[in-house]
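Asker: Here are the chains, one letter per residue:
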Amino acid sequence: MSEFPGATGLVLNEPLLWEKGKVGRRGMSLPRRDVEAAPVDEELIGEVPDLPDLSEVDVVRHYTRLSQWNFGVDSGMYPLGSCTMKYNPKINERLAALTGFAGAHPLLPDRLSQGALRLMAELERFLAEITGMDAVSLQPAAGAQGELTGMLIIFAFHQSKGSPRSKIIVPDTAHGTNPASAALCGFQPVKVASNEQGILSAEAVAALMDEETAGIMVTNPNTLGLFEENIREIAEIVHAKGGKVYCDGANMNAVMGIAHMGKMGVDVLHLNLHKTFSTPHGGGGPGSGPICVTRELEQFLPVPRVVREDGTWELSEEFPQSIGKVHAFYGNFGVMIKAYCYILSMGRDLKRASQLAVLNANYVKARLKDVLHLPYDRPCMHECVFSDKLQRQLKISTIEMAKRLMDYGFHPPTVYFPLVVHGAIMIEPTETESKETLDQFIEAFKAVVKEAAENPDLVRNAPSRCKVRRLDETAAARFPCLAG
Amino acid sequence: MKEIDELELPGDVRYSATHEWARMSGDTVRVGISAYAQDRLGDITFVEIPQVGASFAQGERCGTLESAKALSELFMPVSGEVVAVNSSLEESPELINQEPYAGGWIIDVKPGNPAEWEILMTSDAYRKMLEGLE
Chain A
1179 MSEFPGATGL VLNEPLLWEK GKVGRRGMSL PRRDVEAAPV DEELIGEVPD
1229 LPDLSEVDVV RHYTRLSQWN FGVDSGMYPL GSCTMKYNPK INERLAALTG
1279 FAGAHPLLPD RLSQGALRLM AELERFLAEI TGMDAVSLQP AAGAQGELTG
1329 MLIIFAFHQS KGSPRSKIIV PDTAHGTNPA SAALCGFQPV KVASNEQGIL
1379 SAEAVAALMD EETAGIMVTN PNTLGLFEEN IREIAEIVHA KGGKVYCDGA
1429 NMNAVMGIAH MGKMGVDVLH LNLHKTFSTP HGGGGPGSGP ICVTRELEQF
1479 LPVPRVVRED GTWELSEEFP QSIGKVHAFY GNFGVMIKAY CYILSMGRDL
1529 KRASQLAVLN ANYVKARLKD VLHLPYDRPC MHECVFSDKL QRQLKISTIE
1579 MAKRLMDYGF HPPTVYFPLV VHGAIMIEPT ETESKETLDQ FIEAFKAVVK
1629 EAAENPDLVR NAPSRCKVRR LDETAAARFP CLAG
Chain B
783 MKEIDELELP GDVRYSATHE WARMSGDTVR VGISAYAQDR LGDITFVEIP
833 QVGASFAQGE RCGTLESAKA LSELFMPVSG EVVAVNSSLE ESPELINQEP
883 YAGGWIIDVK PGNPAEWEIL MTSDAYRKML EGLE
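Chains as they are written, first to last, in the working numbering: chain A, 1179 to 1662; chain B, 783 to 916.
Certain hints may be false.
What the hints assert, rightly or not - Cut-off 27 Å, straight-line C-alpha distance, at most; resulting in silico cross-link-like pairs (DSS-like, lysine-lysine):
#1 Lys784(B) <-> Lys910(B)
#2 Lys1547(A) <-> Lys892(B)
#3 Lys1419(A) <-> Lys1369(A)
#4 Lys1573(A) <-> Lys1624(A)
#5 Lys1419(A) <-> Lys1441(A)
#6 Lys1645(A) <-> Lys1198(A)
#7 Lys1529(A) <-> Lys1503(A)
#8 Lys1529(A) <-> Lys1441(A)
#9 Lys1339(A) <-> Lys1369(A)
#10 Lys1613(A) <-> Lys1268(A)
#11 Lys1441(A) <-> Lys1345(A)
#12 Lys1628(A) <-> Lys910(B)
#13 Lys910(B) <-> Lys1624(A)
#14 Lys1567(A) <-> Lys1624(A)
#15 Lys910(B) <-> Lys1567(A)
#16 Lys1547(A) <-> Lys1573(A)
#17 Lys892(B) <-> Lys1567(A)
#18 Lys1345(A) <-> Lys1369(A)
#19 Lys1503(A) <-> Lys1345(A)
#20 Lys1573(A) <-> Lys784(B)
#21 Lys1573(A) <-> Lys910(B)
Stated by the list, open to error - Partner residues aside, some chain A positions facing chain B, computed with beta carbon under 8 Å:
#22 His1417
#23 Arg1570
#24 Lys1573
#25 Arg1656
#26 Pro1658
Just so you know, these hints were derived from the structure itself, not from any lab. We treat Cβ as the ideally placed atom computed from N, Cα and C, and that holds for glycine.
Work out the full structure, taking the sequences as your base and the hints as a guide.
Answerer: And the structure:
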């Protein structure tokens, strides 16, 4: 077996910029004054912001060192389940940085923004084609806002029929944002349990669906990495009672260009461009959570929408049934450019990306199931979920194994989610990892499992090679430090 | 995480299938979560407690516990009205981890039907149930 990527090396300490600054130090020089000195208006005098005085090299070293403490998909495999941490090709960045895009002011008139508007219109069309939906809005800023927008659309639909509804069905495997988005929209989330196979049964949904229920929020594939095989039957049950089917597209990376969401009975779907369509994420954004709908719900999409009049692209507010605006201007345009670039550069291979993502996850599942407990032993989609059940008797739990993996040079998988699996370990390798990298990750995980039995303290005290050791997660949750 | 046989499950309280304990004292029932529940949740970071005066049915959701690992719901082991809440949990939710049956109590309930307490599990029955879960 080849060497693991994790190694020790010289890690440089770095103080806060405020501790580093020294009065009078600077990284720029002003040109000679060529006008007469004039007194400053009294009204402009006040407290100045507390900014440190720094030289250029101070700043460069500061951020270079901080970046060296970090771990990202550019440094190694990042199998964080349900997050699709795929590699983001650098050409996306290059094209998003083109002056014509990056320098475009959002208040430019339509006639001076034809390229940007055309890109948005075409991206909408691509996303509709990839998902099998009819119409798209690119406005929502990220997944959870896409969910909320979808809920607002379903709410508007029922209201337009003169019969507002109060409840929405949410499976127990859903991301926590699903019930939160529904509740924010005024719906009461009603939990439905998944069956012993880890998916929803039509009977369980039928038992809850009534004419007070606005619809269902499903994630397909779900957070166990399993395809909701009963989705069409479930959609029929929901539709028969006048409800709508919302699909959380967080796991779209498994089915790009393969599953036709419209034919599955989905009425509203959100996508995470920053996950599935390859733009950097994980640091808090910016993201983009477009919402895709059927023809019937198109009238409710947020405004402004990109339309074409006499060969000219325009932003139109002329949609009286629209739920309104959900984001300043038109959404996070930079992310849209990267997704557009990714889709065009992948072309037909987009489907193959999904196929490889599924193959990679099944490979990891097959090779680790001898050493880790696999609660749902079925073919998976783009991610697989193990648990710490076999290690629990050794008093080693998921968190310890996750921390130890860091010493081997891998980002840990998602842990303790989904909640239906006790001590869950959720691995999403994505399509971008080679077989060699997957093998190395698998060997690293096996080595951790072996250490759990032979040298448990090593695992309990992990990580030992990182810049910082165990963080006090409880204190971080209870006393968050939100300012410098 | 502890083994089931290492968990402290005192005999002076009764247990619900959702891992709450209930201690009858006089005409009120004190409620908290079991050593098993706090052990599996890990460090509790936030507790959402019902207000004094609120009434709930047996098994009804009456609060939320948040830990670094998970969000978990608190259910009423017996029906009744909340007559007191442990306000120190707001500042010190770790009491639930440190002393689940003493300083980590959550609410006092005036039971609607004291017979409901009788049918909750004894410590032996609860330990048996836990062994079945693992």
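Asker: Against the earlier hints, flag every one the structure doesn't satisfy and list their numbers going up.
Answerer: Numbers 2, 7, 12, 13, 17, 22, 26, in rising order.
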